[in-house]
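Whenever a hint applies, use it, and build me the whole structure from the sequences.
Spelled out from the first residue to the last, the chains are:
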Amino acid sequence: MFLFGVDYYPEHWPEERWALDVRLMVEAGFNVVRLGEFAWTKIEPCQGRFDFSWLDRAIQLFQERGMRVILGTPTASPPAWLMQPNPELFRVREDGHRLTYGNRREYCPNHPLYHAHTREIVRAMAEHFAQNPAVIGWQIDNEFGDRCYCPVCRAGFQKWLQRRYSTLDELNQRWGTIFWSHLYSDWDEIPVPLSTGNSPNPSLALDFYRFCSNSYVEYQKIQIDLIRQICPGTIITHNFMGFKYEFVNYFDLAADLDVVSYDCYPRMQWTMQAEVDPGWQALAYDTMRGLKGKNYWMMEQQAGQGGWEQLSVMPRPGELRLWAYQAIAHGADAIVFFRWRTSRFGTEQYWFGLLDHHGTPGRRYAEIKRMGKEIASAGMSLLSTTLKAETAFLLSYDVRFAFQIQPNNPQFSYPAHFYHLYQAFHRRNIPVDVIGPDADFSSYKLIVAPSLYLLSEHLVDRLNQFVRDGGVLVLTQRSGVKDETNLVIDEPLPGRLGEACGAEVVETDSLAPGMTNSIVFEPTHWREVPPFEVGVICDILKPISACAIASYTQEYYAAQPAITLNHYGKGQAIYIGTIGTAALYDEVTSWLQQRLRLESILDQSSNIEICRRQGESGEFLFLLNHTNQPQPVNLEFDYTKTLDDQRLPAGLHSLPPKEVWVLIRE
Amino acid sequence: MFLFGVDYYPEHWPEERWALDVRLMVEAGFNVVRLGEFAWTKIEPCQGRFDFSWLDRAIQLFQERGMRVILGTPTASPPAWLMQPNPELFRVREDGHRLTYGNRREYCPNHPLYHAHTREIVRAMAEHFAQNPAVIGWQIDNEFGDRCYCPVCRAGFQKWLQRRYSTLDELNQRWGTIFWSHLYSDWDEIPVPLSTGNSPNPSLALDFYRFCSNSYVEYQKIQIDLIRQICPGTIITHNFMGFKYEFVNYFDLAADLDVVSYDCYPRMQWTMQAEVDPGWQALAYDTMRGLKGKNYWMMEQQAGQGGWEQLSVMPRPGELRLWAYQAIAHGADAIVFFRWRTSRFGTEQYWFGLLDHHGTPGRRYAEIKRMGKEIASAGMSLLSTTLKAETAFLLSYDVRFAFQIQPNNPQFSYPAHFYHLYQAFHRRNIPVDVIGPDADFSSYKLIVAPSLYLLSEHLVDRLNQFVRDGGVLVLTQRSGVKDETNLVIDEPLPGRLGEACGAEVVETDSLAPGMTNSIVFEPTHWREVPPFEVGVICDILKPISACAIASYTQEYYAAQPAITLNHYGKGQAIYIGTIGTAALYDEVTSWLQQRLRLESILDQSSNIEICRRQGESGEFLFLLNHTNQPQPVNLEFDYTKTLDDQRLPAGLHSLPPKEVWVLIRE
Amino acid sequence: MFLFGVDYYPEHWPEERWALDVRLMVEAGFNVVRLGEFAWTKIEPCQGRFDFSWLDRAIQLFQERGMRVILGTPTASPPAWLMQPNPELFRVREDGHRLTYGNRREYCPNHPLYHAHTREIVRAMAEHFAQNPAVIGWQIDNEFGDRCYCPVCRAGFQKWLQRRYSTLDELNQRWGTIFWSHLYSDWDEIPVPLSTGNSPNPSLALDFYRFCSNSYVEYQKIQIDLIRQICPGTIITHNFMGFKYEFVNYFDLAADLDVVSYDCYPRMQWTMQAEVDPGWQALAYDTMRGLKGKNYWMMEQQAGQGGWEQLSVMPRPGELRLWAYQAIAHGADAIVFFRWRTSRFGTEQYWFGLLDHHGTPGRRYAEIKRMGKEIASAGMSLLSTTLKAETAFLLSYDVRFAFQIQPNNPQFSYPAHFYHLYQAFHRRNIPVDVIGPDADFSSYKLIVAPSLYLLSEHLVDRLNQFVRDGGVLVLTQRSGVKDETNLVIDEPLPGRLGEACGAEVVETDSLAPGMTNSIVFEPTHWREVPPFEVGVICDILKPISACAIASYTQEYYAAQPAITLNHYGKGQAIYIGTIGTAALYDEVTSWLQQRLRLESILDQSSNIEICRRQGESGEFLFLLNHTNQPQPVNLEFDYTKTLDDQRLPAGLHSLPPKEVWVLIRE
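Top to bottom, those sequences are chains A, B and C.
Counting in the numbering used here, the first sequence runs from 386 upward without gaps.
Counting in the numbering used here, the second sequence runs from 386 upward without gaps.
Counting in the numbering used here, the third sequence runs from 386 upward without gaps.
Any given hint could be a false lead.
Selected chain A positions facing chain B (in silico; Cβ < 10 angstroms) [what the hints assert, rightly or not]:
| no. | residue |
| --- | --- |
| 1 | E396 |
| 2 | M468 |
| 3 | Q690 |
| 4 | G692 |
| 5 | F730 |
| 6 | P877 |
| 7 | S930 |
| 8 | C932 |
Derived by calculation from the structure, the hints in this document are not laboratory data.
Positions of the beta carbon are idealized from the N, C-alpha and C atoms, including for glycine.
Structural data, given as structure tokens:
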């Protein structure tokens, strides 16, 4: 069953309202509901006393109407009775301040007392609902994240280091603590990188960021293990925060789960802009799909304005449905909207649900109800399909962590650079997988590894091997700078990646705001193009076996190579030593597409997003118009629109604004 | 007697200088002086030992020259001997940091020990000066404000809540603490909204802001009660900070006082700009007059540059006198300049008095001396007069607090929006009263209630009744959103205000920076006008019984109503659903003025401010030229200029820059 | 011997690499190396156990190749074994937060325990190396600075005040603590000016800043005394941070040293801009020379990019050598580059040395090697020479501290204003000495004392005497405002400086951002010039005996004097009452130059910097082209270029970009 549902908090509303809510949900086509998230004090009003009666009654109502239930463990919002008498449970921020009560996610993920209470509530819930057939799955906690710098975490970090390095001699050497006399003679001396400590040793900071990430992985594992043991066969997930969130290594967090879920809010108070960039969403979806290399769920799909203290821009008519289909187009096998009805109270008063505060269905409900009908007819056959890509983008959380510590240039952002490269592929509707450093490379023609700043020897070997075996590898500026402990390597850059690249980085200029350079492609380039403006970082390249593809035009390194291409084994490696605008990445992508014969889905020149899901049940083309104007679509063959079961003959058509077509070939 | 004087700190200067200062004051026309403010350690050098001899000597000097004295209680600047041994007396900021010694206003207003010391010093002063005939009044403390988040305040808050809600069940329900599992099972668990707690429950935050405001009201009451008991018949005041200050509910703070005083500084280091906006001052004066619905005093009228670490822009020649007359024009019955001579030491070294540090009279002294002569002749007859207005602006501190917690849009400011509406009336010299929610509405033709976001059922009833009885009510965007506990109501907006408005808010768009919309008035509008740019917040209106006055031109809600007008009972209600520029408010105000026949004083089209004070002694017209150019004045009748007793025959005249005329009709 | 060397951290590299490093250094022409800085834990791995063996072996290698050694005491980076068990050793910031471990300079300079450990390590080092002939000097700690607000410092401050003021009565009166009731009745009550105390009493703050400065002077003295006693005859220095650093009174810090050293980094991550301003460097050099009134050393001369988390702009080819020669041109007698090889680890991973991380000599090594050859031939004869100036700029750290407390106008910066005046002299190649308030004035024709805001009676006397004796004194806005305790004087400004100036400041306008005025020179000015834009601060002047030189053109003080000139005794005093752009200072400087016949070295109109060092060994002209274009040089006589020993006959020549010539007349 294609899960289509909504997040619901029955405890927020008078019980006499519940039946009406369930009826309206069923009428909207919903077949699943998420419950229980944040309900800790309602379930356990004081320690050890559990009350599931209200939740049983709510589930009963859903079950009667044939709806399924996903339960959230409520550990993201601990009760005041637990936290207020135990201030050491509160997380400590980077600035050394301990959080206080009154919001959510305020707990330290490593505290044994919090673990004990977590086990109690999760065990009680799991045991109570283990036999309930309506409960098909569990979401662990909510949107894990944020680093804790408390004494418990510091002690945990020291133990984690002891396991990692065995001896202090080894740690001192691997971190280079001889610098500024930081040689540690006792594990207890090792600090956490509080901001009161000023710029830390980058190796210490990287390991601390890894430890913090791992803390959530391990905390999640406590809950997963309990639920798996008590409710074998259930589906366990967690709701992730997309591509932009970068405090937890999402590949690690996903590893223990059955399925990855995603909470998607294109319009929030923190991202106030007139138009939503669909490319950013696409990257998020591809990342979520990449975490486990398979389809994912949407656990919170935006249903209204997203705001706490501010009202966000109102989602425009059609956008909620369009975004939900975009999620499906990129591999979502479940769509759960957040939330049903807007809360009248609490911090999220202006985080709107499908219904407004007053509870009467309106424009947004009608839009989703339309989608409910479409999914009822088309959803099932999508389930056995997914996306296939010839191109992979290599995403490394170690690199993200390392750039958080040392951005290298104040204008540089690894996620933004990653996206700018991705965007050039997205604009061409070239399917892309986002993969981690441990993924299997063998199925790809092309791997793009933006600013692969820090990597293991093992990954170097695998990338060189990928090229030797015939793959094409694209590297960009600041690649291969660091070893796994965040030390700069002692060879010319990009270190052993130079084997594939056939080039060395002689110097790296770092440009001040306002400074730019430009590059010109060699006359041998596949087509004539103007110079491209570049900046921020300029690796000056010295080809060894490579040839120069483009060169700088200004500064003391004018005429020196900025981009090189090297043939290595059966493959090729391209090193782009500087940061360009969209124009440069469009040019490079077009050149690669032509050179490697990468497929653009439907190859439309118009401004629409196109994805393909394929599998046992066939091949589905998703055409999405994110703009406010109709967009032309030129079809070579006859298709059927699966959402309304209408024919679309070959020829020129017009896709209305904010509209989506899901086509199958006749 | 019209009080005309200066704030003086004899303790800052050698005693041998005092006589010269008094003589210069008398020559300037001063008849009153404020003393004693901030003199705690001088009066009580160590606990329980009081020394009034210096102050007696100073008062003696003033008394000999016929001057009166207002005494300030010195509790705004506690002695080091009190604070340093008792660190728990220091206020705690929202970020959890406790203040430390070395400035002023650093105390917690709820601490029992501070209360005890307050009682001691105030009792000692009151008893000492009770029989002194020169002492005509008392100022309590100085410029109350700033919230304290200390444990004493937290405990006080919990008790205050207990009184307000009686049971935790009631509190949990009224606040909606079920959200994010915040159900409290013990009063002790309730936190204060420290910033370390992140975005709080808005109901908790609002109640805390009310509690903090009330803390100062109650602290002031301790002093008032003592002084009233010991010095019956004296006048008790406090110096307020105008319209912009918004941490204390000024209506509450004013209730216990005999008269409201105001500290007015158009030119300060924090408001560095070339020109002063007289409208902002006018709003402040009207607000001060509105707090008790009667004339007020100026306790600190700017006398020089206003700066601590920075020198402010120098008050231009004529400005000090002009500002003082503007205060009188809006209802001041006393003008006391701050301060006499600029302090050579301390934080306020650059907060200039009438005399510079060197103590020799100069330009500013001469300017005020001129005014002293004028007041000597004209002041007395002004005392029995005040302003009369047909229009009231409804100001709610609950709304201010609620918008502090949730601004709704990052570009929205309730005080700025309030002012922009007020300014359109001010530009037309239409007299305005600023009133609180509990004021009597019956005397007004028109009530403007900008963004009445949060209100009680009682106020809803009274506003509906006002319209039924024939009044005109203007509401603007985000009205009626919240109930008294800061919960969003569960009806369509504006809730029961919709009875008078005859319209519903269907959706509320919130615009990102850079986004705008515009509105066009219906063809039936009283005159032809171009479209008006609007933005920030756009309530999309659905008329029920109302008719649309203006509609949006862009976005998915193009052609939908932005302004509606409804006839209800004998009156009318107008709902303006979006934020415009000055042009829109000018148009709306002109339309209302014509429709309701609102009087503009003297109806001049030139750029001068005109006010009218009237009463037993006659009718005084104040004409003030805040600009740097002469402004034309066209008089229909013959007048006398009371300040220099010169005739001004009917006809065209020119009011010089920075000049003021006070006219009475011959 | 002209010291030419590099900073080296042998402990960062495998011992087997050392010999190669030494060989490469010798080949580069280096004759000195700085060692030991930051090596505390390597020398004293646990308390009381010292290991000098590794350092002995390293020194041995240098000694064998004829190189000398300067040892740094390692107290800037205390060991974790010392700091972690003693958290009270960590410095407390102005916001009250205590630092934590993990960077450097985290210690409180007043803590007795830190003093004890300092004595141990310094004594051990001094005793171990006292007899080592290779060790020619010592650097104390590293880049002293940053204020500490901890309880130990607070107690120390109270004791320091007791010594300074003897009685609390005296302190209360001198500080004006009567303001806001701050009268102290016990020394213990006196706070330090934490930011939690809000804007402090400016007299307290100034004394605290002086105390903090003095803390480092005294801490340095502990080390100096030990080393002098154990190693008599050695040279003791400390590495200063140039003109911009302003938390320590550098005149005081220099007093106890044999020689001042300077760490110079024109390109750092914190100063990212395309081009380096050579004038700022020149001011820094002249300041370093001025601290002791004699030549100084460069202890850290930039050798590559300067960055921690960011890469700075890459030093352009030729810049490292050019900057080193600029340092010599302004009086450096030693050039030591920082650092030899870029560290692969630690916070300063991107603070590049001469060699990159990989250790293979490249472009920068080659550039410095060229310089090594030049210095080998020309260096020796430079040693007995120095610069001579007719003009002195008076720099006061008391003034800097006072403006930190009260900037007077948000757009005003004392160091920037100082520089803008200096720059006009630098652009004309007029030699300038930077002198302190205690310097001998008698050798100067002209003293420029920018914004001499706060000064002692003694300095007033000496400046008046300087003018009486025939000197020319230039004062600018906000002069003479404060006495030594930071009280505003009780006379008209500029107080007793008015004796020399013959003018009074009637009012001081302070302009808001965007406001400007302009001034016109009197018709009697030496040449016709257009009006000059001025702003920020406008002192309105009243000539007593002076004559107006220029007057304002706008505002209420239009036509009132902005600049005055007074003849006093045999000299003249000029008061410039407002802040101008470069154009105004160029005009004033040209006028002064013509009036006083100040020499421009070589008097070239082209865009090159020219300095002259002269002494026993002759007269050396330094011509430096900081631009990216060749610059014309017109020579009246025949010269020899000492760096390559080539002749340069009289006539027109072209100095290549980033090139330097050192000329001696034939």
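Hint check:
no., hint, verdict
1, E396, "holds (5 angstroms)"
2, M468, "holds (8 angstroms)"
3, Q690, "holds (7 angstroms)"
4, G692, "holds (8 angstroms)"
5, F730, "holds (2 angstroms)"
6, P877, "violated (46 angstroms)"
7, S930, "violated (50 angstroms)"
8, C932, "violated (46 angstroms)"
Hint compliance for this structure: hints 6, 7, 8 are broken, all remaining hints hold.
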